[in-house]
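*Asks:* Chain order of the listed sequences is E and S. Each residue of the first sequence is one higher than the one before, starting from 744 at the first, in the working numbering. Each residue of the second sequence is one higher than the one before, starting from 301 at the first, in the working numbering.
One or more hints might be untrue.
Claimed, not checked - Derived DSSO-like pairs: lysine-lysine, alpha-carbon spacing no greater than 30 Å straight-line:
no.	chain 1	residue 1	chain 2	residue 2
1	S	Lys347	S	Lys386
2	S	Lys365	E	Lys1082
3	S	Lys506	S	Lys478
4	E	Lys857	E	Lys1047
5	S	Lys316	S	Lys365
6	E	Lys988	S	Lys477
7	S	Lys347	S	Lys366
8	S	Lys406	S	Lys365
9	E	Lys1017	E	Lys1134
10	E	Lys1082	E	Lys1047
11	S	Lys347	S	Lys365
12	E	Lys777	S	Lys347
13	E	Lys1134	E	Lys988
14	E	Lys756	E	Lys813
15	E	Lys1134	S	Lys477
16	E	Lys756	S	Lys366
17	S	Lys391	S	Lys406
18	S	Lys478	E	Lys988
19	S	Lys391	S	Lys347
20	S	Lys489	E	Lys988
21	E	Lys756	E	Lys795
22	E	Lys857	E	Lys756
23	E	Lys988	S	Lys474
24	S	Lys631	S	Lys316
25	S	Lys386	E	Lys1134
26	S	Lys391	S	Lys359
27	E	Lys988	E	Lys1082
28	E	Lys1166	E	Lys1134
29	E	Lys988	E	Lys1154
30	S	Lys386	S	Lys365
31	E	Lys1082	S	Lys477
32	E	Lys1017	E	Lys988
33	S	Lys489	E	Lys795
For the record, the hints were derived by calculation from the structure and aren't laboratory data.
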Amino acid sequence: MSALNLPALRWGKPYESLEFQEISHFITGEPVAKISQINGGMIRRDMRHATKARNILRDIPVEDLIAMVKKAGALFETAELPLGDGTQSVDDFVRQQSATTGLPEVLCRSNITKNAFVLKNIEQILDALTRGLDLNILSQGYGLEDRGVIVSYQAQANALGAVLPSNSPGVHTLWLPVIPLQIGLVLKPGSQEPWTAYRVASAFEQVGIPMEAISICPGGHDVGESILAACERSMIFGSAQTVEKYAGNPGVQVHGPGFSKILLGDDVVDDWEKYLDLMVESVYSNGGRSCINCSNIWAPRHTKEIAQALAERLGPIEPKAPEDPESGLAAFTAEGVGKAVWEMLQRDLDESGVTDMTAEYGSRLVEHETCAYLRPMVVHCESPESAIATKEFMFPFASVVECPQDQMLSKIGPTLVGTAITKDLNWIRQLSDATHIDRLNVGAIPTNRLNWLQPHEGNLIDFLFRSRAYQVPEEMLAAV
Amino acid sequence: MSTTEFPSVDVEQLSKEARDQLDQHAYEVVQFHFHESTGCPFWLEKKAEFNFDPLTEVKGYDDIKKFPLFEDEWLRGGPVRRWVPKALSDKPVYVFETGGTTGIPKSRIVVEDHWTDYELFSDTLPDEYFPKGANWLMLGPSGPRRLRLAVEHLCQHRGGICFCIDLDPRWVVKLIKKGWMDHLEEYKKHCIDQAVTVLTAGHDIKCMFATPKLLDSLALGLEERGTSLQEVGITGIFSGGTEFTPQWTRYCVEELLGGPAEESGVYMTPTYGNTLMGLACSKPITAADGYKIAYYAPQPRAVTEVVSFDDPHQVVGYGETGRVKLTTLTKEFFVPGFLERDEGEREKPFATYPWDGVSGVRPYHEFATSTTVGVY
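Only chain E is shown next, with the shape it has when bound in the complex (with noise of 0.2 Å):
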């Protein structure tokens, strides 16, 4: 497998820029990618042109852009496709993100069904995000409801910037409805994971669509700064730090860690052993990785037992070699950032009323001369006082928090996910009220299972699009 040249796209025009970033397989070393970097003014000077990416998108009937769609999803998840000066077959793809990521072989294959999911039931994605709105208010700016009365959406941007992550290819999702919508792409890929960005524009060039309504910007942090600034509708991926950042901005949508947990009420905790594989699950699957992994586990009791079960369960995990079929741990691939996630653990380990369940089954650092892994981690907190009861990591880990139910709500902070196991229909509906946790998941539902026909963390429609008062004459409504 020869590295790839990939050159920015600048409005679908290729650029080769006398600036590369190599990347390269974490554990060989060999070159997987040589990337052109752009830089911020470029992008600054290039969204002058955004009106013309929404514009070319909305002469095609938004029926079509779907279809296209559908068929761009087929293609990224089975084709060999153009990539650079090169061509990618699926498992070229798998073999590179795994590569440069330090993902396992088998989770990348896994996100690339999650991500062509999305796009080959587009048209479904589209009508939950909107709620059954008719697609072509939203291209026209508005129309008419079938209760006769005049709605209007308008877009609030001519180009959606993302300025993507390294570290969950899964994450994609959230910007692939956005063509359909007849908005631009402006994407800024994460330095290690270039791949699906590439590969999605690619199927979407195959099928069609114009490629002068995307951008592809590679760069250093300026590229992301520019990108904020300029695209008047923009999202971001980050620590805790960027979502402070861009807090009160309403232009910048970000998406940072995600601290799901799992709520066990008075009313099944005693049952705790039945929900043992959807806590597995929801801790382990795609690496741990996910904003959508549980962190916390939250119970009133049984806490220590449910800790010592989890730990049973994923503490002999072991990272394995990234195309081994079994291999479900990602490995750290910066220099120096397993080592220093497992210090930072270390210090909240100090805390009194914490439990390192794991302990016993060895080493949860592994580290190699290239890279290092985190193996399955759990721990025990006495108290929901504890910093590490709502932590999380890039890698599996899970406190298990022992907190009376009343008090539940109030200490858990802000959760992407909840999954709140309980038929205690007063206990519900303080759980579907309260505003800190984004995705409501009632029942025994792991918190890594997204029904795609949700909104997720924010409402795209409601991001890129504005509900306004729109009134035309009597005389005109049959026009509309």
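Since the structure of chain E is provided, determine the placement of chain S on it from the hints.
*Replies:* Relative to the frame of chain E, chain S by itself:
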């Protein structure tokens, strides 16, 4: 212009002559700084710490290695007069600062060095694009900065009048550290607004200094107003900073200026410099040469060397990578070897500058992640 290379010129002979001149100059400058009647209090006191006598044991440039490397921390705090050579004590003295966002800035005294440096630089500017008598815009930092007065002097030296803007770089650094990116954007707009106002007020400005980021923003700002650098009359731009990578230069020429000077009518020359050295000029940049930028210090007043990362006294081979070491040899200021926060590749002499140059200048890789470059 004077940077034209003549193939018939014997570069080796020119290099030897330049080296002889450097040896003589180094000897004279050391005599000046370490003689009780002319030197500054700082070096005269420092002399006591040396295990050699600069007055008798420094006979040429190579002997400068006998001095310990210069530590720029010495420049923090006062009294600033300790840097003023006795021989110049009755002259008006400027003080220029670097850093200072938090804590005490580093200060360097100057009497006329900034004038001399920029007059020499002036000789390298092509009159076609930097016409004599043209007015200038200084689109860079104001306040206690050498650059601000140096550019104004450059303009005046060439017979023009220089317009300036208010730009506080320390506030810019604070905005970045605080993560106030909206404020940063607004401040940048505020600077560009000032520049556009001056450029469109009928002052016949043809030349300018601009930092790379501000040049980028100005070009965009003018285009958003339906005009361009060319349309407002700019023909010559001098800029500087480690952001001047070949790629950035290409972007600048192709997208901000509208092509090479002969097509766009706008000439841009990158420079590399700082408060300690003055400024190094670039060999003319061309697309054919991959927009490679090679800087040459104003020898013998300043010398740049590319030295081994492990041994600051060992110059690397031509084309090899090392850290940039600076030596300043003027009667106002003596810097016997200072390791810059930059690295690059050693370049061969050529006819215009028959001494070593440095290309590919970028932040020193050990500092790169902690260094904020080109913030305004």
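*Asks:* Need the status of pair E:Lys1082, S:Lys477: alpha-carbon distance at most 30 Å?
*Replies:* With a Cα-Cα distance of about 27 Å, the restraint between E:Lys1082 and S:Lys477 holds, given a limit of 30 Å.
*Asks:* Check the hint pairing S:Lys386 with S:Lys365 against an upper bound of 30 Å on the C-alpha distance.
*Replies:* holds (25 Å)
*Asks:* Are the Cα positions of S:Lys391 and S:Lys347 separated by 30 Å at most?
*Replies:* Given that 30 Å is the threshold and the Cα spacing comes to 24 Å, the pair holds.
*Asks:* So if I understand the rule, the pair passes when the alpha-carbon distance is 30 Å or less; does E:Lys1134 with S:Lys477 pass?
*Replies:* Cα-Cα ~26 Å, so holds.
*Asks:* Taking only the CA atoms, is the gap from S:Lys365 to E:Lys1082 under or equal to 30 Å?
*Replies:* violated (42 Å)
*Asks:* Next pair to validate is S:Lys347 with S:Lys366; report whether the Cα-Cα distance is within 30 Å.
*Replies:* Cα-Cα ~12 Å, so holds.
*Asks:* Are E:Lys1082 and E:Lys1047 close enough, with their CA atoms no more than 30 Å apart?
*Replies:* It holds: about 27 Å lies between the C-alpha atoms, which stays within 30 Å.
*Asks:* Under the criterion that the straight-line Cα-Cα distance not exceed 30 Å, is the pair S:Lys347, S:Lys386 satisfied?
*Replies:* holds (15 Å)
*Asks:* Just to be careful, I want the Cα atoms of S:Lys631 and S:Lys316 compared with a cutoff of 30 Å; is the pair within it?
*Replies:* Between S:Lys631 and S:Lys316 the Cα gap is close to 23 Å, so the pair holds against 30 Å.
*Asks:* Between the alpha carbons of E:Lys988 and E:Lys1082, is the straight-line distance 30 Å or under?
*Replies:* holds (27 Å)
*Asks:* Starting from S:Lys489, check that the Cα of E:Lys795 is at most 30 Å away, please.
*Replies:* Status holds; Cα separation ~25 Å.
*Asks:* Does S:Lys474 sit within 30 Å of E:Lys988, going by the straight-line distance between their CA atoms?
*Replies:* Distance ~15 Å between E:Lys988 and S:Lys474 Cα, so the pair holds.
Checked against the numbered hints listed earlier, the structure breaks hints 2, 3, 4, 12, 16, 25 and 32; every other hint is satisfied.
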